[in-house]
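Once you've looked at the hints, dock chains S, A and R against the given chain H.
There are 4 protein chains.
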Amino acid sequence: MIIIMKPGASDAQVKHVIERIEAAGLKTHVSRGDELTLIGCIGDEAKVERLNWSATPGVERAERITKPWKIASRQMHPAASVVDVQGVKIGGGRLTFLAGPCTVEGREMILKGAQVVKENGGQILRGGAFKPRTSPYDFQGLGEEGLKLLSEAGKKYGLPTVTEVRTLAHVPKACEHCDMLQIGARNMQNYDLLREVGQARKPVLLKRGFAATIKELLLAAEYILSAGNTQVVLCERGIRTYETATRFTFDVSAIPVLKEQTHLPVIFDPSHAAGKASLVPPLARAGVAAGADGLIVEVHHNPEEALCDGDQAILPKVFKALVVELKAIHGIIKQRSV
Amino acid sequence: MIIIMKPGASDAQVKHVIERIEAAGLKTHVSRGDELTLIGCIGDEAKVERLNWSATPGVERAERITKPWKIASRQMHPAASVVDVQGVKIGGGRLTFLAGPCTVEGREMILKGAQVVKENGGQILRGGAFKPRTSPYDFQGLGEEGLKLLSEAGKKYGLPTVTEVRTLAHVPKACEHCDMLQIGARNMQNYDLLREVGQARKPVLLKRGFAATIKELLLAAEYILSAGNTQVVLCERGIRTYETATRFTFDVSAIPVLKEQTHLPVIFDPSHAAGKASLVPPLARAGVAAGADGLIVEVHHNPEEALCDGDQAILPKVFKALVVELKAIHGIIKQRSV
Amino acid sequence: MIIIMKPGASDAQVKHVIERIEAAGLKTHVSRGDELTLIGCIGDEAKVERLNWSATPGVERAERITKPWKIASRQMHPAASVVDVQGVKIGGGRLTFLAGPCTVEGREMILKGAQVVKENGGQILRGGAFKPRTSPYDFQGLGEEGLKLLSEAGKKYGLPTVTEVRTLAHVPKACEHCDMLQIGARNMQNYDLLREVGQARKPVLLKRGFAATIKELLLAAEYILSAGNTQVVLCERGIRTYETATRFTFDVSAIPVLKEQTHLPVIFDPSHAAGKASLVPPLARAGVAAGADGLIVEVHHNPEEALCDGDQAILPKVFKALVVELKAIHGIIKQRSV
Amino acid sequence: MIIIMKPGASDAQVKHVIERIEAAGLKTHVSRGDELTLIGCIGDEAKVERLNWSATPGVERAERITKPWKIASRQMHPAASVVDVQGVKIGGGRLTFLAGPCTVEGREMILKGAQVVKENGGQILRGGAFKPRTSPYDFQGLGEEGLKLLSEAGKKYGLPTVTEVRTLAHVPKACEHCDMLQIGARNMQNYDLLREVGQARKPVLLKRGFAATIKELLLAAEYILSAGNTQVVLCERGIRTYETATRFTFDVSAIPVLKEQTHLPVIFDPSHAAGKASLVPPLARAGVAAGADGLIVEVHHNPEEALCDGDQAILPKVFKALVVELKAIHGIIKQRSV
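Chains as they are written, first to last, in the numbering used here: chain H, 10 to 347; chain S, 10 to 347; chain A, 10 to 347; chain R, 10 to 347.
Don't take each hint at face value.
The list treats identical chains as one, so a pair stands whether inside a single copy or across any two.
[What the hints assert, rightly or not] Dumping the calculated DSS-like pairs for lysine-lysine here, alpha-carbon to alpha-carbon at most 25 Å:
hint, residue 1, residue 2
1, K56, K36
2, K15, K268
3, K326, K15
4, K79, K15
Read the hints as simulated data drawn from the structure, not as lab findings.
The following block holds chain H by itself, in its conformation from the complex (with noise of 0.2 Å):
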């Protein structure tokens, strides 16, 4: 922590603002120039962070110099961990396919669907049953219904299952049926809900908030690892901007900036980025040439019906000959020495 003084801060505040770092324990650094008093902090940043610093006389601004995750910090962890759902491993070096639909509409659906992800080259299966929906008049998932269906087309074609939980009581349910629990990106900062599956005893796939930095998703990351459960795994989705072209800006750059900041495994969803088909391929190619560890992708075999984001998904052919592609781009990134 470096406070800042304000240009003709007087002696006084200066003394007042080192009495306050020292009463939390930490030493101090006085650094007086010309023009400003700078007063570093020597200790945990933590105890000094909450100080309210731009409230104390004279202090102009407080800058805040190591991480506030510690768990997830690559720092701290420099081998890259690897997450294990039902023997599918995601991170380290492999590259990883989730793919199904947005939601289980029915039990035929779901075990076609199922079918199409494993013989094209998908690995995990996932499908919605508690779905978030922007509007209380649409569709909102077949709820613990579609968990068990999810389970059964999973367990007939060898895929483990990953599925969205909202709330606190979905998280036991989805333990029951499924693999691997998904927090969406409007819970990104549900902290009660992030506690609860850092209780669970499943692998989490945590999807970025869409107007999230990448310090947030970091932090509620933390959330889940600092309640004892370690199998968690990043998922960049797309960020609200300006432009409207696409349905949010898949902030690609945010997967390497992961890789150097944590040793978890970052994956990404171009499907939700682009919100139109056409688009995910060529996403999903910029996704894992610049450093992914895998991407869930929403696969349909007949989008014009799917009962929820059918604009965005592909068909099992179009995801078929991109796992090919994509296992190609994979093999050059994989050698890449810069």
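Structure of chains S, A and R alone, referenced to chain H:
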């Protein structure tokens, strides 16, 4: 709904679109120009909006024409709604002051805070017991004990109370002790929580998510309204933009836009928008001048020692002077002719 | 400047950083903690800011501490500046009204426009002759002929005039005919144009770019000031965000932030921010209440037939009522104590 | 164009709208539903777009249906355009490398830079002589002397050259010495400059403004094209968002969106998007994988001592390895089937 066909769409594609619309029970109106064919849908748009139009062959895009919120719409309910919080009214031409500390820190502190609010013109007492914090390592509030203290302080000074609920289990507790339930910005799209407060018999203060559009805020209100609770107050509190001089960008335009679109009362929170005490008075003046029905502001007798968000809390004497000024501005606004 | 070294930076790397700083003529102050080493620079920050710190081995990042604008800074010039446009003053506690049509469309029209402005309380007449248009196929203004008509109208009604210059060649022409030069939002970072108006002997109205930070606006002003022209008025006019309910998002907070940072007068443009006439009055009230020194507003006697931006022009009768109200609000603001 | 009337619009208002459309020479098509009346315009939309619809009584809003750019549109020109820069082609399935230092700093330096580019696979040499700098106190480039040095270096190593022009007077000078004119992000909407390069007989590299929509970029290209210059290459270089982990947010989706909308070649600039050398290789891979026709990248043999933007310059050895990898990725992309 208007379906805009791609240039060169075939007759078969146009026919297929018409069939899909008519199968949903609507009538169509086809307009063929030299360059483009448009298909208007006459009837309930909600039935055709979800038909995945961009996944339908030959379709360029589809545009919804009517607003997807119904109960919140001013068109359906031209008169301004008034929300009653234990006798304190919000809406209908009044200017209502909600004030207090960010967080209930202890008994003595909240009693002092309530006294400050009461003596200086505040009408509803705010105080957080369940705090949503970006970092898991920050102070998270006193929980139910905090609610009891808030209630005691409110009763002693004759002030109804408002407090944030973060998860379903908080709702009955807050209903027991407090008079108004707040949904925070991070939970604006926590749909389970919206439905839960929609079933509560308490007024709700719904804050805009910091990356939510005005349309999404109205749809979030619609979740509460459609669950049966008509006592909803909307609150603008700053949105996330590229500008970092303020914590968030106070979207003052949202106030008149919302007043045009909905009959619900609209207040604002200058404290969270600014993130800095010196900016709270000018933003408070701006929001009142823009036509808000009230504001919620953080006041603390010793911001430097606040356990949460002290940087943006104003001092009691500042609050006192501000209330007088804001009432004067509101007096002018009330008589506006344009 | 503070140089923050990477965790684990070597002694040689720290030494190299110190040498680079000292070679630029500054002194250093090294602070070593358990986790981190910080190196403070004492002296003229500008000399070390450009040293490509993140390209320097062992450096995590560098933070500038002082503000990079000097002449614009309130710190160096605490008293508010007053800009004089042919006798009409902006700044120093006044509220000044600049008004008129978006574009000079013809002689009769601008004469009528000037009359409307004069009779209803406007003090400076605006009117575009060189219009920046997003599409090459839109009306681009009358050019120099427009300047002459604007000047004639201003003289007839005793109103100084302001007009936009888009490129260097416009500057002498505008100086010949008009009293104040406007730099539009799209040209806020057109540095050659800034330097050119910096050498002109006319006051300048500098509009904030719609994606410019407040810091960049002040640096743009610094270009003009450092070229020798001290008559600069800043103008907030809405920034680009994800919200589409308004044409731009009026960043009302920029007004008090700028008033803290600079001595230059600050006005605003509610017309371009809103993009819609019905929102102009509430935004105008908000900006005046936030402490602005004036506003520039589009008024047209027949908006439906305007050749440019008619959607946001208010009618003369609306302008008339608004002037009265804004003066009343300004009367309250002037006496503010907080 | 579709005119959407307000609910409750009167017959007289509908009639007035129809008259205005017909007066502009278009036909109308009226569609009356229970809730709404829509009026479609058949004919040239450009003629009715500028009619200030929201200022017209009874009108809710107007929606343009066709794209306002004509020459740039892929619909009018389905085949990909190829731009020829002194024998080096951009577009049409190739991957073209533009590289070099941010700024020409001196003779020896640019000769060395050109050698690095040539030996490692670069095809066009970049180097700035007229630099747009946010602060007036930063190095602004060598001016015409820089152009001569750039030209000399290009000729010595057989590399065509590209350089930025910032104002009209730069255009003839750059045309005399260089082979391609660059319009920088800050000047994307400097319409006088766009028209001037539209009249030049040199290819133009048009960078996207950092707050420009894709639509605005295409309209800026249309300014150049409609002035007679068909040799235009578009360049995505990062947009401004709330995320501060990167200097700008690289909008990789813009590449496939532009490829759908226009026949012009599309390249990208990973250096300015990232603002940090370590992120340049992953972003370069992402952009090529997304389907770009080339990239422009900053390379410097000693970034620490660069006079401008050294933080984002990659070393020659990194550039060399990257060229090999990017060609391999491009090889896969070229054979894509979806």
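Which numbered hints does this structure break? Of the numbered hints, all hold.
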